[in-house]
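As given, the protein sequences belong to chains A and B, one line each in that order. The numbers in UniProt numbering rise by one with no breaks, and the one at position 372 of the first sequence is 372. The numbers in UniProt numbering rise by one with no breaks, and the one at position 437 of the second sequence is 437.
In case anyone wonders, no lab produced these hints; they're calculated from the structure. Values in this document were obtained by computation on a predicted structure and should not be read as measured data. Warning: the hint list may mix true and false statements.
Below, computed lysine to any residue pairings styled on SDA-like, alpha-carbon distance capped at 20 Å [as the list claims (entries may be wrong)]:
{"no.": "1", "chain 1": "B", "residue 1": "K455", "chain 2": "A", "residue 2": "R691"}
{"no.": "2", "chain 1": "A", "residue 1": "K30", "chain 2": "A", "residue 2": "N100"}
{"no.": "3", "chain 1": "A", "residue 1": "K707", "chain 2": "A", "residue 2": "A670"}
{"no.": "4", "chain 1": "A", "residue 1": "K764", "chain 2": "B", "residue 2": "R693"}
{"no.": "5", "chain 1": "A", "residue 1": "K562", "chain 2": "A", "residue 2": "A670"}
{"no.": "6", "chain 1": "A", "residue 1": "K764", "chain 2": "B", "residue 2": "Q790"}
{"no.": "7", "chain 1": "B", "residue 1": "K448", "chain 2": "A", "residue 2": "S620"}
{"no.": "8", "chain 1": "A", "residue 1": "K847", "chain 2": "A", "residue 2": "A815"}
{"no.": "9", "chain 1": "A", "residue 1": "K448", "chain 2": "B", "residue 2": "N556"}
{"no.": "10", "chain 1": "B", "residue 1": "K448", "chain 2": "A", "residue 2": "V619"}
{"no.": "11", "chain 1": "A", "residue 1": "K786", "chain 2": "B", "residue 2": "Q790"}
{"no.": "12", "chain 1": "B", "residue 1": "K786", "chain 2": "A", "residue 2": "P484"}
Protein chains: 2
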Amino acid sequence: MQNTPFDTPDVTLITPTATVATPTHGGRAKCLQRLVRLNLPVPQTVALSFSTVHQIATGVLPDVDGILQRFKDGCLLCVRPSSEDPDWGGPGAVLNIGMNDARFVELSDRIGADAAAQIYKRFVQTYAIHVARLDPDIFDDIADDGQIGLGQSLRAYEDEAEEGFPQSPARQLAEVLRSMARAWEGTTARLLRQAKGAPMDAGLGLVVQEMALGLGQGECGSGVLQLVNSRTGENQITGRYLSQSQGREALDGGTRALFLERDPRGPSLEELAPEAFAELNAHAALMRQRLREEMQIEFTIENGELHILDGVRAKRSPQAAVRISVALAEDGIIPRHEALLRVDPHALTELLHRQVADDADRDVLGAGIAASPGAATGRIVFTAADAQASAARGEACILVRRETAPEDIRGMHAASAILTERGGMTSHAAVIGRGMGLPCIVGAARMKFHVQRKKLISEDGRSLSEGDIITIDGTSGQILAGAPKMVEAAQDDVFRTLMSWADAERDIGVRANADTPADAQTARNFDAQGIGLCRTEHMFFEEDRLTPMREMIFANSAQDRKATLALILPMQRADFTELFRIMQGQPVCIRLFDPPLHEFLPHDRAGLRDMAEALDMPVSEVTRRVESMGEYNPMLGMRGVRLGVTVPEIYDMQARAIFEATLDASRDGAPVVPEIMIPLVSAKREVEIVRTRIDAVAAAVRNERGKDFTYRLGVMAETPRACLRAEEIAQHAHFLSFGTNDLTQMTYGLSRDDAGRFMSDYVKLGVFNEDPFHVLDTDGVGELVKLGVQRGRAGREGITMSVCGEHGGNPESIAFCRAVGVDYVSCSPFRVPIARLSAAQLAIRDKMESGKY
Amino acid sequence: MQNTPFDTPDVTLITPTATVATPTHGGRAKCLQRLVRLNLPVPQTVALSFSTVHQIATGVLPDVDGILQRFKDGCLLCVRPSSEDPDWGGPGAVLNIGMNDARFVELSDRIGADAAAQIYKRFVQTYAIHVARLDPDIFDDIADDGQIGLGQSLRAYEDEAEEGFPQSPARQLAEVLRSMARAWEGTTARLLRQAKGAPMDAGLGLVVQEMALGLGQGECGSGVLQLVNSRTGENQITGRYLSQSQGREALDGGTRALFLERDPRGPSLEELAPEAFAELNAHAALMRQRLREEMQIEFTIENGELHILDGVRAKRSPQAAVRISVALAEDGIIPRHEALLRVDPHALTELLHRQVADDADRDVLGAGIAASPGAATGRIVFTAADAQASAARGEACILVRRETAPEDIRGMHAASAILTERGGMTSHAAVIGRGMGLPCIVGAARMKFHVQRKKLISEDGRSLSEGDIITIDGTSGQILAGAPKMVEAAQDDVFRTLMSWADAERDIGVRANADTPADAQTARNFDAQGIGLCRTEHMFFEEDRLTPMREMIFANSAQDRKATLALILPMQRADFTELFRIMQGQPVCIRLFDPPLHEFLPHDRAGLRDMAEALDMPVSEVTRRVESMGEYNPMLGMRGVRLGVTVPEIYDMQARAIFEATLDASRDGAPVVPEIMIPLVSAKREVEIVRTRIDAVAAAVRNERGKDFTYRLGVMAETPRACLRAEEIAQHAHFLSFGTNDLTQMTYGLSRDDAGRFMSDYVKLGVFNEDPFHVLDTDGVGELVKLGVQRGRAGREGITMSVCGEHGGNPESIAFCRAVGVDYVSCSPFRVPIARLSAAQLAIRDKMESGKY
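Build the full structure now, drawing on both the sequences and the hints.
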């Protein structure tokens with residue numbers, strides 16, 4: 001059929017050549033045109049553009065009679081929304097427009113009075129509620145019987161609306177169009193779709209389609225079909241069919257609905273109408289091939305004849321999304337790069353962790369910041385020691401603390417999940433939780449934490465005790481009572497295939513932050529290209545190291561410090577040797593000791609007494625010295641390179657441990673080239689001083705062992721000043737790694753541990769668009785990184801630039817890092833796949849823009 | 001006398017036309033040439049250049065015989081050092097060179113054997129010790145009698161040196177030159193002069209001068225004279241004369257030395273030799289006029305005839321420096337701008353505070369960081385409450401604390417000086433101390449502070465108790481036992497004259513940081529051009545405000561917060577009214593509430609109990625809530641505009657108090673235009689939100705009072721991000737004030753309160769050239785200020801830019817501020833004069849460079 005002269009792009013019959021496009025008419029209109037082009041049996045359809053619908057909302061109607069003239073005389077119509085992105089929602093479809101007393105009579109002849117009355121009754125009720133906006137209660141007592149119910153419904157309408165039910169199909173259509181257009185412009189609808197990413201001025205198109213009735217004589221009914229399982233992504237014909245139904249009723253049809261394919265569980269469409277089923281399947285296969293996507297098809301059978309009413313992108317879990325994309329590419333339907341673009345990197349998170357099932361019962365005790373994704377169930381414990389005891393008994397436990405500190409590390413390793421009252425996205429618990437892939441909720445401040453009394457009070461006042469079972473849903477941030485249903489992580493071959501394609505595309509490196517052998521193993525499992533940040537401080541918290549560490553802190557001379565550190569040396573060497581062995585010659589970037597020394601000192605009476613005994617000092621003296629080491633702002637205090645300069649024996653020992661481990665590990669495998677990173681640098685001279693000592697240690701080790709090795713010395717650029725002075729700092733550094741966590745803290749003047757108190761208010765009020773600890777602030781922090789990269793490269797040709805810390809795994813932040821010329825990002829092992837895919841997508845989009853794809 | 005042909009610039013007879021310059025021959029040689037040009041009776045003098053002396057040190061001697069030929073046959077010579085700056089030190093003068101057995105005989109004839117023997121004996125001893133480097137002990141038992149002593153000395157020399165005393169004048173002179181040249185090149189001498197600012201390669205010249213003997217027949221003697229008092233700068237002939245003496249012996253001559261001018265205290269040169277005295281006075285007046293400086297003159301009378309041997313710049317206290325410069329300008333000898341350049345701004349500090357007298361006995365108990373200059377004596381107290389009690393009894397007290405916190409404010413006001421164990425140049429105690437002009441030493445960590453037990457242990461182990469009298473010398477950083485002698489502050493008319501000349505020259509504004517009416521009065525006394533920073537938090541610490549403040553903090557609703565803040569409103573309004581009245585229409589920039597709320601909460605058991613009573617809550621609940629408000633890094637926490645956004649009732653109340661005070665104060669005087677400053681901004685939206693509310697408060701006050709007023713709203717740029725985003729932030733701000741204290745903390749990632757622990761090590765090791773809290777780090781922090789100024793001006797034309805905080809009063813930092821285009825600096829009231837003079841000097845130097853002066 002050709003467009004008639006009065007067709008315009010604003011109101012157009014959908015034909016293979018009509019001017020219909022997603023940005024002007026919406027995705028549904030465009031999809032229907034593609035189905036028409038495939039010669040599928042699509043009922044006659046007219047598309048109304050965004051601008052037409054916007055006009056309708058302001059009161060300017062199109063030529064409704066003209067629209068009606070495009071359709072067979074006496075047919076019924078339906079109107080469906082067609083927005084640019086189907087996820088943005090929209091008003092519900094209105095079916096059976098045109099139904100009135102006269103057509104009821106006609107239709108009764110054709111399909112029987114009961115079916116006709118059903119259709120008319122439904123239309124009256126839908127129209128009353130959604131178009132005339134009458135109170136739904138008026139239909140509460142309507143009889144089920146078709147014809148009696150119809151009469152009651154028409155009377156109820158007349159009573160409430162104070163006029164008879166409109167009989168003119170033109171008026172009906174006009175009112176439906178007007179009500180749908182206005183619903184789209186309503187404030188609630190706008191806010192809802194903006195929350196899903198729609199722009200302020202997102203438009204709505206509408207499609208007016210001739211109804212295939214699905215009720216009447218012969219085999220009539222409707223259903224939906226798709227070729228894949230939405231949860232797993234595997235090939236499986238799924239959907240339902242219900243005789244004598246319209247729209248999507250089959251999905252709510254319960255046991256009355258048929259399976260599609262022959263199925264042991266019950267009767268199927270394939271058995272009922274083998275020809276229609278075969279035709280439907282052929283259409284579905286064609287749609288997958290030509291629409292290059294797994295679609296869910298809405299179809300109607302009218303007296304045995306198949307009609308395809310609509311096709312929408314099949315819903316899919318993250319796991320299914322991966323499998324579907326890979327299958328489409330492997331079947332040659334889409335190229336690999338397109339398969340990569342179709343998977344949302346954020347969604348990968350769910351694949352890498354156990355999750356609370358979608359259909360689980362959630363008994364919510366409270367909520368906090370979703371700091372580390374995944375879910376775990378266990379018994380409540382309130383101390384790190386109890387967590388270890390619990391692990392020793394083989395019982396899963398949840399560690400509940402007001403906050404965590406480095407001394408809780410072993411307890412955190414023993415726990416299945418972590419819950420804290422305080423802290424934000426980058427508090428200690430959150431960072432460690434993400435690093436270990438442990439579900440974690442922080443800042444759950446609306447619950448009450450009586451850690452001393454071993455009580456936890458839920459937001460609604462329920463009291464929980466040690467040993468009670470709870471579930472931490474680190475993906476949503478909810479604390480749940482008991483053990484809801486879970487779904488397991490799924491990192492299968494298909495996932496690995498997708499990742500290998502990503503690696504072939506991306507042009508920025510991805511390393512992992514890994515502090516322990518377990519982390520390193522995870523990093524390798526996720527194919528990280530080395531370790532970008534190995535924090536060494538945890539190595540000093542092990543039981544056997546803490547006492548020498550404390551003796552070292554209290555030592556009065558460099559000589560004494562050296563002697564106590566010598567006790568720790570062999571243990572550190574063993575730590576590094578194991579890391580190097582696991583990483584099999586891949587680069588390992590080790591950050592020298594960073595935290596303030598007072599983190600290693602006890603603060604409670606028992607701990608002070610123990611320490612006094614261990615060091616053979618009076619408790620009063622120990623207490624005085626511990627107190628005198630306290631700091632107002634430990635974050636900005638005596639730590640990092642400041643310790644390296646003023647208490648150089650620690651770095652000396654660490655450098656020796658690294659170099660000796662380098663030689664030990666190189667003996668059995670690929671030669672190791674360790675990278676040594678100096679934290680918290682703010683001035684060039686700090687680097688010079690540390691470098692001189694480390695070079696001396698290297699020379700000594702070479703001499704003692706009679707073997708050569710190389711190493712790279714670099715700087716963690718995490719103060720604004722290090723970025724500003726990067727040119728001169730780079731003269732002494734093989735690499736600069738931007739520690740965007742601390743850099744964000746300092747650029748904003750905002751402690752990550754304290755920001756939790758107001759960050760959610762701040763994001764809600766739009767003061768910050770995003771939590772800058774979560775998404776890199778490209779305007780402020782980003783400018784410093786950019787300056788740092790530019791100046792660093794000006795200072796030393798061939799210098800390696802990287803970003804480590806939480807932002808390294810964030811897709812938006814990776815885009816920025818890549819744009820400013822960073823060589824690699826480093827993130828938690830569990831975010832490595834996300835980073836790899838994000839990086840690939842960025843490279844692909846660049847190639848597409850430059851016409852290479 | 002003309003130069004003879006063999007004269008070169010390297011070894012030259014000083015004549016009016018000889019080539020002699022300070023940068024090549026040193027200041028003494030140049031000054032002597034100027035005296036020669038004035039036709040003063042200067043003995044024949046030869047100048048050796050820096051390069052000649054450097055050659056001598058390496059072993060290459062000039063033509064010594066040639067030098068000797070320039071002098072009368074048989075005369076004695078002296079050699080004196082002539083470095084570029086007399087402050088850089090140098091080897092001592094050597095007199096009487098050329099003395100030997102033959103000349104002893106000749107001289108015995110002329111001036112008597114005793115005098116000749118005295119001269120010879122002194123020369124032998126000086127030569128032995130300083131030239132031949134013999135052990136001084138060998139002269140321990142030499143007889144006083146001239147001739148016997150001479151013989152003993154010659155024998156002692158011969159015994160020790162294993163050769164007779166050298167008789168050749170040429171050899172004597174050569175050895176003297178060599179030993180002086182080498183002394184200058186020694187490491188100790190170099191380090192000493194570098195500490196005074198000399199460059200690595202500073203040179204030494206030497207002057208060889210014919211001796212006027214000062215011993216012999218007729219009136220012979222030597223002395224020094226200057227026309228001003230070195231301490232006060234007032235006109236007063238000062239100096240001494242001693243018959244039969246050489247060099248500067250008259251100054252050590254005790255009661256034997258004569259006064260110069262007729263004096264009731266004893267005999268004078270004026271009486272002894274009126275003609276010589278008159279001639280000397282005439283020479284001195286001529287020198288002041290023509291050398292354009294107050295000089296100290298070294299003179300010798302030989303048989304009644306006056307010789308001028310040397311002139312050096314008269315030493316002067318800071319007070320004298322001001323008076324001398326002003327007098328020279330008022331006498332038309334130098335222009336005003338030169339008078340301004342001659343006063344070191346740093347030295348003004350001493351004029352503004354009481355000081356420990358130079359000649360006081362110092363019994364040092366310990367030392368710390370000299371955080372606020374001036375000295376005060378008082379009894380030790382260990383708590384703020386005791387300080388108030390002490391003040392109530394009218395007893396001066398010294399507040400000794402481990403550190404101070406805002407709740408100590410009233411105690412600090414009551415104390416005469418402050419001493420703390422912890423903290424650095426910008427810790428709370430230091431900042432408040434400087435603001436109040438209170439002597440303060442912080443970071444005295446080598447003393448032991450047992451504040452609970454009310455004991456203070458000195459560095460050498462002495463125990464001090466409450467009530468013991470000590471003295472805090474905040475200028476030197478020393479803690480002294482007892483009450484040493486003091487000198488009072490001197491801010492007199494001459495000082496005001498100099499300052500008025502400075503104000504006429506400078507082109508950058510100077511305001512004061514002032515929090516209280518007393519501060520504001522000081523600011524006016526020092527002619528600040530308004531208040532650049534009025535911190536308001538102290539206003540909440542007053543006894544009558546603390547309880548409502550705490551109720552406000554614990555309130556559960558905005559309504560309750562408003563109600564409790566309403567109690568504080570009238571008191572704040574009164575505070576501001578008084579400030580505005582004192583400042584008489586000058587601008588007052590008020591910073592809105594900045595500190596974290598937990599600073600207002602008690603932390604000890606007694607305080608918690610009091611608070612529980614006052615608020616009628618269980619202690620356990622109060623304790624829990626106080627604890628839950630604690631922060632890891634309060635500096636980077638919930639404070640400043642973050643409170644303004646999330647607890648807006650505080651700023652609402654403050655704005656109302658400011659506006660109502662504006663109307664109240666404007667009624668009686670010049671109309672007040674208050675400036676309101678938002679602290680800790682890091683994002684534009686923070687400013688928008690606060691501004692909207694403050695505009696609303698202004699509208700409400702205008703409406704209620706039926707009167708109009710204007711105000712200016714601005715931003716304290718103290719986070720790196722505020723500087724980077726200054727362009728957009730400026731769109732909502734009438735002014736930006738760079739808070740360089742916090743900005744330095746964040747740019748370096750360095751807490752000012754914790755930096756004390758390692759800052760001195762860092763400066764010693766050259767990691768930082770200077771403490772960046774003391775001198776603005778122009779490389780890093782400065783770049784952010786510069787970017788902020790540029791971007792802020794790009795964002796809003798005519799925006800006012802300023803720098804507040806400690807750096808505002810530092811001369812080096814002011815130079816930077818002026819260079820980057822800041823409109824005014826604001827600093828502690830006591831630093832205002834320093835800033836005014838520094839700013840004037842900068843403007844003058846610019847004019848000189850561009851030829852306008």
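Here is what the structure says about each hint:
{"no.": "1", "hint": "B:K455 with A:R691", "result": "44 Å, violated"}
{"no.": "2", "hint": "A:K30 with A:N100", "result": "31 Å, violated"}
{"no.": "3", "hint": "A:K707 with A:A670", "result": "15 Å, holds"}
{"no.": "4", "hint": "A:K764 with B:R693", "result": "18 Å, holds"}
{"no.": "5", "hint": "A:K562 with A:A670", "result": "32 Å, violated"}
{"no.": "6", "hint": "A:K764 with B:Q790", "result": "32 Å, violated"}
{"no.": "7", "hint": "B:K448 with A:S620", "result": "14 Å, holds"}
{"no.": "8", "hint": "A:K847 with A:A815", "result": "14 Å, holds"}
{"no.": "9", "hint": "A:K448 with B:N556", "result": "16 Å, holds"}
{"no.": "10", "hint": "B:K448 with A:V619", "result": "17 Å, holds"}
{"no.": "11", "hint": "A:K786 with B:Q790", "result": "19 Å, holds"}
{"no.": "12", "hint": "B:K786 with A:P484", "result": "57 Å, violated"}
Consistency with the previously given hints fails for numbers 1, 2, 5, 6 and 12, ordered from lowest to highest.
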